[in-house]
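Per the working numbering, the sequence shown starts with residue 50, numbered consecutively.
Be a bit skeptical, because a hint or two may be false.
When the alpha-carbon atoms are kept at most 16 Å apart in a straight line, the in silico EDC-like pairs for lysine to aspartate or glutamate are as follows [said to hold, decoys possible]:
no., residue 1, residue 2
1, 104, 120
2, 89, 53
3, 89, 105
4, 97, 53
5, 101, 84
6, 97, 120
Label pairs and their computed distance ranges (CB to CB) [claimed, not checked]:
no., residue 1, residue 2, range
7, 133, 63, 34 to 42 Å
8, 144, 78, 15 to 23 Å
9, 135, 72, 37 to 45 Å
10, 101, 54, 47 to 55 Å
11, 83, 134, 30 to 38 Å
Since the hints were made in silico from the structure, they are not lab data.
Virtual Cβ for every residue (Gly too), placed ideally from N, Cα, C.
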Amino acid sequence: MSSEYFNIMSQVISWYMLLWITPCLIAGIVLAFGDSSRIKWIDNQLAKDSDKLSKDDQSALPFKVIPRFMDYCIAFLFIQNRRTSNSPRFRAAMWYLSVGRWLFFVILAYSMFN
Numbered sequence: 050m051s052s053e054y055f056n057i058m059s060q061v062i063s064w065y066m067l068l069w070i071t072p073c074l075i076a077g078i079v080l081a082f083g084d085s086s087r088i089k090w091i092d093n094q095l096a097k098d099s100d101k102l103s104k105d106d107q108s109a110l111p112f113k114v115i116p117r118f119m120d121y122c123i124a125f126l127f128i129q130n131r132r133t134s135n136s137p138r139f140r141a142a143m144w145y146l147s148v149g150r151w152l153f154f155v156i157l158a159y160s161m162f163n
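Take the sequences, apply the hints, and build the full model.
Dropping the structure here:
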């Protein structure tokens, strides 16, 4: 029974990771190595003090963009009221990435304690 359960859980986790990590990686690569106006737009939507980020020249470097975007994904459930845009694509993408990130933590915690 436990072997069958393990196989099912490993398949579910594998599919989940594929379905979540692929768009997350694409979004991270596009933000980090694409036009810096994309991350500036997200900063204007979600950052508490976007002016501070726009004044910092290093805030558009790839090694600063990706962690900031991941922080936005984690915190989106709590900071979504800062949004000034009603773009359904942005809202759907952030919800998808945010829920995916939180589920990743839940799955990780579950696998560590069982």
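Structure-based check of each hint:
Proximity of residue 104 to residue 120 is assessed by CA-CA distance (about 20 Å); at most 16 Å being required, the pair is judged violated. For a cut-off of 16 Å, the pair hint linking residue 89 to residue 53 is broken: about 47 Å separates their Cα positions. Taking the CA atoms of residue 89 and residue 105, the gap is about 11 Å. The hint holds against a cut of 16 Å. With a C-alpha separation of about 47 Å, the suggested pair residue 97 and residue 53 falls outside the 16 Å cut-off, and the hint is violated.
Annotation: proposed proximity of residue 101 to residue 84 is violated, straight-line Cα distance about 19 Å (limit 16 Å). The hinted pair formed by residue 97 and residue 120 meets the criterion: a straight-line CA distance of about 13 Å does not exceed 16 Å. At roughly 38 Å, the beta carbons of residue 133 and residue 63 sit within the given window of 34 to 42 Å. About 20 Å separates the C-beta atoms of residue 144 and residue 78, a value consistent with the hinted range of 15 to 23 Å.
The beta-carbon spacing between residue 135 and residue 72, approximately 21 Å, falls outside the hinted interval of 37 to 45 Å. In this structure, residue 101 and residue 54 meet the distance hint of 47 to 55 Å, their C-beta atoms being roughly 49 Å apart. The given range of 30 to 38 Å is broken by residue 83 and residue 134, whose C-beta atoms sit roughly 19 Å from each other.
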